[in-house]
Structures are given as C-alpha cells and as structure tokens.
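Q: Sequence:
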Amino acid sequence: MVLREPRAAVFDLDGVLIDTAKFHRRAWKKAFDTFFEERGIDDTFDEELDY
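Using numbering that gives the first Met the number 0, you'd call the opening residue of the sequence shown number 0 and step up by one each time.
These are computed hints drawn from the structure, not numbers from a lab. Possibly wrong hints are sitting among the right ones.
Distance ranges between label pairs, derived from CB positions [claimed, not checked]: (1) 0 <-> 22: 30 to 36 Å; (2) 2 <-> 30: 31 to 37 Å; (3) 4 <-> 40: 46 to 52 Å; (4) 4 <-> 41: 48 to 54 Å; (5) 28 <-> 6: 33 to 39 Å; (6) 12 <-> 49: 16 to 22 Å; (7) 18 <-> 49: 18 to 24 Å.
We put the CB at the ideal spot given by N, CA and C, even for glycine.
Please build the complete structure, drawing on both the sequences and the hints.
A: In structure tokens, the structure reads:
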C-alpha cells in the first residue's frame, strides 16, 4: 500500500461537523474537580453554570 501526503485537513473547532460540547464539558469538569480536590477546595465544576 502506498501512502500519499495529505492534501488537506479538516478541523472542527466549533462543533459544526460533530457536537463536541458535551465531551468538552466533561473534560473541564474532570480537570477542575481534580484540581479542587487536590487543593482541599470545597467546590465542584458545575457543567450548567460554569461552562
């Protein structure tokens, strides 16, 4: 099989092609909840209020 150099790339940064917002929210929640827990901060990332 011969692989050719790509001629183009598609970046979907605003969710037009794929709805990525739910994954983005979950990643932010995981990151912030871990950050808060490690520092003894009594708070969590609220996906509705904080995103």
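Q: Given a hint of 31 to 37 Å, does the C-beta separation of residue 2 and residue 30 actually sit inside it?
A: holds, 35 Å
Q: Honestly, do residue 18 and residue 49 meet the 18 to 24 Å range at C-beta?
A: With a Cβ separation near 19 Å, residue 18 and residue 49 satisfy 18 to 24 Å, so the hint holds.
Q: Starting from the range 46 to 52 Å, see whether the pair residue 4 and residue 40 falls in it by beta-carbon distance.
A: With a Cβ separation near 48 Å, residue 4 and residue 40 satisfy 46 to 52 Å, so the hint holds.
Q: Does the hinted range 48 to 54 Å hold for residue 4 and residue 41 at CB?
A: holds, 52 Å
Q: I want to verify a distance hint. Is the separation of the beta carbons of residue 0 and residue 22 within 30 to 36 Å?
A: For residue 22 against residue 0, whose Cβ atoms are near 32 Å apart, the range 30 to 36 Å holds.
Q: Measuring from beta carbon to beta carbon, are residue 28 and residue 6 in 33 to 39 Å?
A: Between residue 28 and residue 6, where Cβ atoms are some 38 Å apart, the hint holds.
Q: Honestly, do residue 12 and residue 49 meet the 16 to 22 Å range at C-beta?
A: The hinted range 16 to 22 Å holds for residue 12 and residue 49, with Cβ atoms some 21 Å apart.
In terms of the numbered hints stated before, the structure departs from none.
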